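Peer 1: Letter by letter, the chains look like this.
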Amino acid sequence: MDDHGSGVLRQLLEMAPHSVVDTHARLGDATAVVAPEALVDVMRGLRDAEGLEFDMLTDVTAVDHLGREPRFDMVYHLYSTIRNHRLRIKAGVPEAPGEIDTLVEVWPSANWMEREVWDMYGIRFRGHPDLRRLLLYDEFEGHPLRKDYPKERRQPLVGPRN
Amino acid sequence: MASEPHLLTERTRDTAEDDLERDLHTEHQVLNMGPSHPATHGTVKFLIELDGESIVDLDIQVGYLHRGFEKECESGSWYQAIPYTDRLNYNSAILCNIGYCMAVEKLLELETPIRCQWIRVMAGELSRLGDHLTRCGAACLELQAMTPFLYAIEARELTWDLQEMLCGARVTSNMVRIGGVKHDVPPAFPPAAREFIPKIRKLLGDFDDVVTQNRIFIDRLRGTGVISKEDCIRYAVTGPVLRSTGVPLDLRKDEPYLVYDQVDFDVPVGEVGDNYDRYLVCVEEMHQSLRIVEQCLDKLDQMGPGPVNVDDPRVRWPAKGRVFNQMEELIQQFKAVTEGPIVPEGEAYCAVESANGELGFYLVSDGGAVPYKVRCRPPSLINLQPLPLMVRGAMLPDLIPSFDFINMIGGECDR
Amino acid sequence: MTARVVKVKRHEKLGWLERLYVPMIVKGLWVTSRYFFKNLGGYLRGNPQTFVVQWPEEQVDYPDAFRGMPVLVQLDNGQPRCVACGLCEFACPTDCISIVPGELEGAGIERYPEAFDIDMSRCMFCGLCEEACPEEAIVMSRNVEVAAFDRATMVFDKDALMVPEPLLKRRLEFLRGEYDREHAPVAKARD
Chain A
1 MDDHGSGVLR QLLEMAPHSV VDTHARLGDA TAVVAPEALV DVMRGLRDAE
51 GLEFDMLTDV TAVDHLGREP RFDMVYHLYS TIRNHRLRIK AGVPEAPGEI
101 DTLVEVWPSA NWMEREVWDM YGIRFRGHPD LRRLLLYDEF EGHPLRKDYP
151 KERRQPLVGP RN
Chain B
1 MASEPHLLTE RTRDTAEDDL ERDLHTEHQV LNMGPSHPAT HGTVKFLIEL
51 DGESIVDLDI QVGYLHRGFE KECESGSWYQ AIPYTDRLNY NSAILCNIGY
101 CMAVEKLLEL ETPIRCQWIR VMAGELSRLG DHLTRCGAAC LELQAMTPFL
151 YAIEARELTW DLQEMLCGAR VTSNMVRIGG VKHDVPPAFP PAAREFIPKI
201 RKLLGDFDDV VTQNRIFIDR LRGTGVISKE DCIRYAVTGP VLRSTGVPLD
251 LRKDEPYLVY DQVDFDVPVG EVGDNYDRYL VCVEEMHQSL RIVEQCLDKL
301 DQMGPGPVNV DDPRVRWPAK GRVFNQMEEL IQQFKAVTEG PIVPEGEAYC
351 AVESANGELG FYLVSDGGAV PYKVRCRPPS LINLQPLPLM VRGAMLPDLI
401 PSFDFINMIG GECDR
Chain C
1 MTARVVKVKR HEKLGWLERL YVPMIVKGLW VTSRYFFKNL GGYLRGNPQT
51 FVVQWPEEQV DYPDAFRGMP VLVQLDNGQP RCVACGLCEF ACPTDCISIV
101 PGELEGAGIE RYPEAFDIDM SRCMFCGLCE EACPEEAIVM SRNVEVAAFD
151 RATMVFDKDA LMVPEPLLKR RLEFLRGEYD REHAPVAKAR D
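For the protein sequence lines, the chains are A, B and C, in the order given. 59 is the number that this note's numbering gives to position 59 of the first sequence; each next residue is one higher, with no gaps. 147 is the number that this note's numbering gives to position 147 of the second sequence; each next residue is one higher, with no gaps. 65 is the number that this note's numbering gives to position 65 of the third sequence; each next residue is one higher, with no gaps.
These aren't lab readings, by the way, just hints derived from the structure by calculation. Bear in mind the structure is a predicted one, so any value in this text is a computation, not a measurement. Hints should not be assumed to be uniformly reliable.
[Said to hold, decoys possible] According to the in silico footprint, chain A covers these stretches of chain B (three or more CB under 8 Å from chain A): (1) 66 to 72; (2) 208 to 218; (3) 346 to 352; (4) 377 to 384.
The beta-carbon is built from N, C-alpha and C at its ideal position, and this holds for glycine as well.
Just need the whole structure built from these sequences, with the hints factored in.
Peer 2: Structure, rendered in structure tokens:
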């Protein structure tokens, strides 16, 4: 695995050589694809390792690659307030069962952002303390940011079009 | 937005206390506050578990302003998402414009002309000023102080007048374009800005005179809504809330984008991390924003007229004078409008320092004319998450200033 | 030029006078009454300095760059300048424009819009139609007062949208100021 000249990626590869599936540093964003089983361990390592110290989980989101296997990519953006560097971690999530481990234990900021991903993409987080919909309401059917969710679809509790 | 209020925690009691409480009939009470409450600026619902007047626990339900921004962006061209970004944080629309356009430019590996960058910085700082004025003014209003609110809103009107002169609209500016800005600074703008800046300073001074050393105001803010540095970082809180705890994290300083490395400004930090620090940090940031606007005006004067857009017909539409007169440019205009920019396959995350914190855009392109994925990292939503930490154990009225100085903007929080 | 970190000054210790609210009451009264007497003096001299505008009785002058509702430029012969090319339809993010093109025999212009409707209840005055137009035919006017009692009346047809060219002079002059601005050559951020 290549570190593409990025010091962060090099340290990540030294720390967890077998968990990293792929790396790239296109457009200056260091990115590593991690095996989903090892996600929590890698993340904990990234948070605690000397020289990396990613103390802030800036963003959690998912991308739906409809027709690809695995269908979803979880995308995490990490930032270190101490070292002032960034890293993007991706992990594939297959459509069935559509589950991945939660990161709430590592960074509490993951709580709401994972709820949002569940809301929008229908990815379940194993071990999440409070997996409810965040932005939409409970009666909402489906997960709107999936690529197979039609934009024009009407929902229960939404009035007729006038 | 779940309807399940599963807040009432199970309590284990000592028997003596148990007997006493049974006699006194004390039990926790759940209070619904919002979604449309006069003391919160923002559409959000709080489920508050109260013990008397102290807050035991708090559940925040957001999403009342959800309108599918990210889904909507996936159906239009890259440039058609720009007016929608105005509606994210409607107090500082230009900063959202800048964030989105810079993310697309990062995907296109495009560098904007220097004059355009100065215009962006100036417009963005005006917008930040308006946002902070709203935050401080509305917080005063919700703490029952009407007069300082009026001074803050008058100053905000002046910044919005300037934005109107610059962009053509007060709130939904739609100023920034991929690879440039819509138009150069209109000739009427610089003199008006130089006239208005002292007025804004004076209004800020009056605001300061009425509020900052007022004992009632200090009593309401000092020591309320305290959050520690470590908690802020664990919860990914950014912006003035993080800086009030003493962490000097400002992306304008730490990852200078545009021309922020060429302007002179201070990053104010607090020490305690309570609402009073947040208020002082915001007030100081307003003065710094005014300083940056003045520097930009000087620089733009000194630079003289110049190009503000890149000459790449697929990205930025050709100059109108050429479109009217030359066949080649007319065809390019047709292609550019009907197809929009073709963005190479890839992904990019670009973060700017908005008025509330780190505003990030994560874009994925599949190499086509339509965004594959647009993700906005909303600082309002993420800063709101540790609110229960700030107010747990505090009195119910302390919730109001704590919520106000987080400055949740519904449009950005719920997207 | 760098960014420096400064610590804000907290007003930590209140003196006994401040704890009695006295200085701030005096200061607050001084600030507010200054405004009061300034406004009163303005009224007495017939030159009020108040900030509030009593709209709609009083109107403000919008700046040159102001974007109101989009309108069609009407030429002297009563016809729109529009050639029904449909670029504004493409550029519109909210799909509020609908055009039915027609062909005209004989005259210098061959295409014209048979129907041109804008749904003002969807329009967000973003100005992308004006920027896309290759004919200077659709421009943002200075009119923002388009409220109505039902949605059907919010759909403006061609006749309702047409405005004679002299009335749009200020906007057109503002736009023409930008026409000849050259674009900068492309610089790649990274090789």
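Peer 1: Counting residues of the stretch 377 to 384 of chain B whose CB is closer than 8 Å to a CB in chain A, do you get three or more?
Peer 2: With 3 residues closer than 8 Å to chain A, the stretch 377 to 384 of chain B meets the three-residue bar; holds.
Peer 1: Taking 8 Å as the Cβ threshold, is the statement that the stretch 208 to 218 of chain B is covered by chain A upheld or broken by the three-residue rule?
Peer 2: n = 0 at 8 Å, threshold three: violated.
Peer 1: Establish whether the coverage given for the stretch 66 to 72 of chain B by chain A is satisfied; the threshold is a Cβ-Cβ distance below 8 Å, and no fewer than three residues must meet it.
Peer 2: Contact hint for the stretch 66 to 72 of chain B vs chain A: holds, 5 residues under 8 Å.
Peer 1: Taking 8 Å as the Cβ threshold, is the statement that the stretch 346 to 352 of chain B is covered by chain A upheld or broken by the three-residue rule?
Peer 2: As far as the stretch 346 to 352 of chain B goes, the hint holds, because 5 residues have Cβ atoms under 8 Å from chain A.
Going down the numbered hints, you'll see the structure goes against just number 2.
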